[in-house]
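Undergrad: First to last, the sequence lines map onto chains A and B.
If you read the first sequence in full-length UniProt numbering, its first letter stands for residue 1, the second for the next number, and so on.
If you read the second sequence in full-length UniProt numbering, its first letter stands for residue 1, the second for the next number, and so on.
Derived from the structure by calculation, the hints contain no laboratory data.
Incorrect hints may appear among the rest.
Unchecked claim - Straight-line C-alpha distance at most 25 Å; calculated DSS-like pairs for lysine-lysine:
#	chain 1	residue 1	chain 2	residue 2
1	A	34	A	18
2	B	22	A	120
3	B	187	A	52
4	A	104	B	139
5	B	187	B	148
6	A	96	A	74
7	A	102	B	148
8	B	139	A	120
9	A	74	A	120
What the hints assert, rightly or not - Okay, the calculated beta carbon distance ranges per label pair:
#	chain 1	residue 1	chain 2	residue 2	range
10	B	25	A	10	25 to 33 Å
11	B	126	A	67	36 to 44 Å
12	B	31	A	21	26 to 34 Å
13	A	88	B	196	51 to 59 Å
14	A	102	B	150	47 to 55 Å
15	A	7	B	126	41 to 49 Å
Built from N, CA and C at the ideal position, the CB exists for glycine as well.
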Amino acid sequence: MNAPDRFELFVIPDGHKKVEMEMDTRIPNAATFKIEREDHTLANMLRAQLLKDPRVLFAGYKIPHPLEHSFLIKIQTTPGTSPGQALSEATNELIKEISNIKTKFDMDMIRVRTYDEDAKATEGGVYDDHMAIDQHRPPMDVDF
Amino acid sequence: MDVNTNYGPLTGPSVNIRELTKDSINFVLSDTDLSVANAIRRVMIAEVATVAIDMVEIEINTTVLADEFLAHRLGMVPIDSREVGHLRYTRDCTCSQYCKDCSVELTLHVKCTDDRTREVTSRDLQTSNPEFSPVTQDKNDTGILLVKLRKGHEIKLKCIAKKGVAKEHAKWSPVSGVSFEYDPHNKLRHTSYWFEESEAEW
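All chains should be built: construct the whole structure from the sequences, respecting the hints.
TA: Right, dumping it as C-alpha cells:
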C-alpha cells in the first residue's frame with residue numbers, strides 16, 4: 001500500500017535534474033554534487049577515480065537515506081582546478097577505462113572461441129579436459 | 001592533464017577468460033580498480049536489460065493455482081533476450097499502452113481432456129515474435145513446469161512480455177549467480193583472521 005514504485009529507483013520525475021551542484025561556502029574549491037537516481041554502483045567508481053587525481057584533495061560520497069535514491073559526492077580540489085572540472089574529467093576517464101575493458105573482453109572472447117575450435121579439431125583422449133581452456137598455459141600466479 | 005594510471009604494461013586493464021560454457025563464464029580482470037570490478041558485478045545483476053512477462057490477461061483459469069500465483073510464475077519464466085536491443089522500453093515508446101516495438105505477446109491455451117495429469121510447461125507458450133521465446137536447454141528439455149491440470153481443468157491466457165531491468169523486479173535479472181574474489185592470499189590485509197590467543201585453550 002505504501003510501497004513506492006520500483007521504477008523510482010532509476011526514473012527521474014519531471015522537474016528534477018540528474019546532477020545538481022552546491023558550492024561549499026566555508027571551504028575553498030569544494031562542492032557537493034547531488035546525483036539523482038543512482039546508487040553505489042556509480043558513486044563508488046566515481047569516488048575511487050577522483051581519488052586517483054593528484055589535484056583532488058578530498059573526495060567522498062554518501063547516500064543520505066536508503067529510501068531516497070540519490071547520492072551526494074563532495075569534492076575538494078587544489079586551487080588550480082574546480083571540483084566540477086575534476087568530476088567531469090574523472091567521468092571521462094571512467095568511460096575510457098570501461099570501454100577499454102569491453103574491447104579487451106571482446107578480444108579475449110575471440111581468442112577463446114578460436115582456441116576452442118582448434119582444441120576441438122585436435123581432441124585428445126582421456127586427459128583432455130574440454131573445460132580447462134588454459135591447459136597449455138603455465139598456471140597463473142596471482143600475485144598482488 | 002592525463003590522470004589515467006595504467007598499472008599494466010601500458011595497456012591498462014586486461015581480461016583473461018579461464019572458462020567459457022553456454023551459460024557460465026569464469027574470467028580474471030586485472031589492472032583495474034576494485035570499485036570498477038564491483039560496479040561491473042552490480043550492473044550484471046541489476047542493470048542489464050532483459051525481456052520477461054510483465055502483464056498477464058487471464059481468460060480462463062480453472063486450475064488449482066490462483067490467477068496471481070500463475071501470473072507470478074509466468075513472470076519468472078526466462079525469455080531469450082539476445083535481441084533485446086531491438087525492443088524499446090514501454091515507457092519510451094510512442095504508442096499508447098503497448099505495441100510490437102515495445103513488447104512481445106505470448107499466449108497459452110491448454111485444456112486437459114484425458115485422465116492423466118497434464119503438465120503445462122513453458123514449452124506450451126506460443127510467442128508472437130520468434131526472436132523472443134522462452135528459453136529451452138535443448139530438444140529434450142520439457143520446459144519449466146507452470147501448473148498441473150486434471151481432467152476438465154483449462155487455462156487460457158495472454159501474456160505481454162516487456163523489456164526491463166532487475167532494479168525494477170528480479171525477474172529481469174539475466175544472471176543466476178555472480179561472484180567475485182580478489183586477493184586470495186590476503187596480501188592487502190583487507191581482512192584479519194581470528195586466531196586463538198588464550199594459552200589455556202591451546
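Undergrad: A separate judgement is required for each hint: does it hold in the structure or not?
TA: Here is how each hint holds up against the structure:
1. A:34 / A:18: holds (8 Å)
2. B:22 / A:120: Distance of about 16 Å is within 25 Å: holds.
3. B:187 / A:52: holds (21 Å)
4. A:104 / B:139: Violated - the C-alpha atoms of residue 139 (chain B) and residue 104 (chain A) are around 34 Å apart, more than 25 Å.
5. B:187 / B:148: Cα-Cα ~54 Å, so violated.
6. A:96 / A:74: Roughly 23 Å separates the two Cα atoms, so the pair holds.
7. A:102 / B:148: Roughly 45 Å between the alpha carbons, so the hint for residue 102 (chain A) and residue 148 (chain B) is violated.
8. B:139 / A:120: holds (23 Å)
9. A:74 / A:120: With Cα atoms ~54 Å apart, residue 74 (chain A) and residue 120 (chain A) exceed 25 Å; violated.
10. B:25 / A:10: 25 to 33 Å: The hint (25 to 33 Å, Cβ to Cβ) holds, given that residue 25 (chain B) and residue 10 (chain A) are roughly 26 Å apart.
11. B:126 / A:67: 36 to 44 Å: Between residue 126 (chain B) and residue 67 (chain A), where Cβ atoms are some 41 Å apart, the hint holds.
12. B:31 / A:21: 26 to 34 Å: At roughly 32 Å between Cβ atoms, residue 21 (chain A) and residue 31 (chain B) fall inside 26 to 34 Å, so the hint holds.
13. A:88 / B:196: 51 to 59 Å: Roughly 52 Å apart at Cβ, these two residues keep to the hinted range, so it holds.
14. A:102 / B:150: 47 to 55 Å: Given range 47 to 55 Å: holds, Cβ gap about 52 Å.
15. A:7 / B:126: 41 to 49 Å: violated (29 Å)
Taken one by one, the earlier hints fail for this structure at numbers 4, 5, 7, 9, 15, listed in ascending order.
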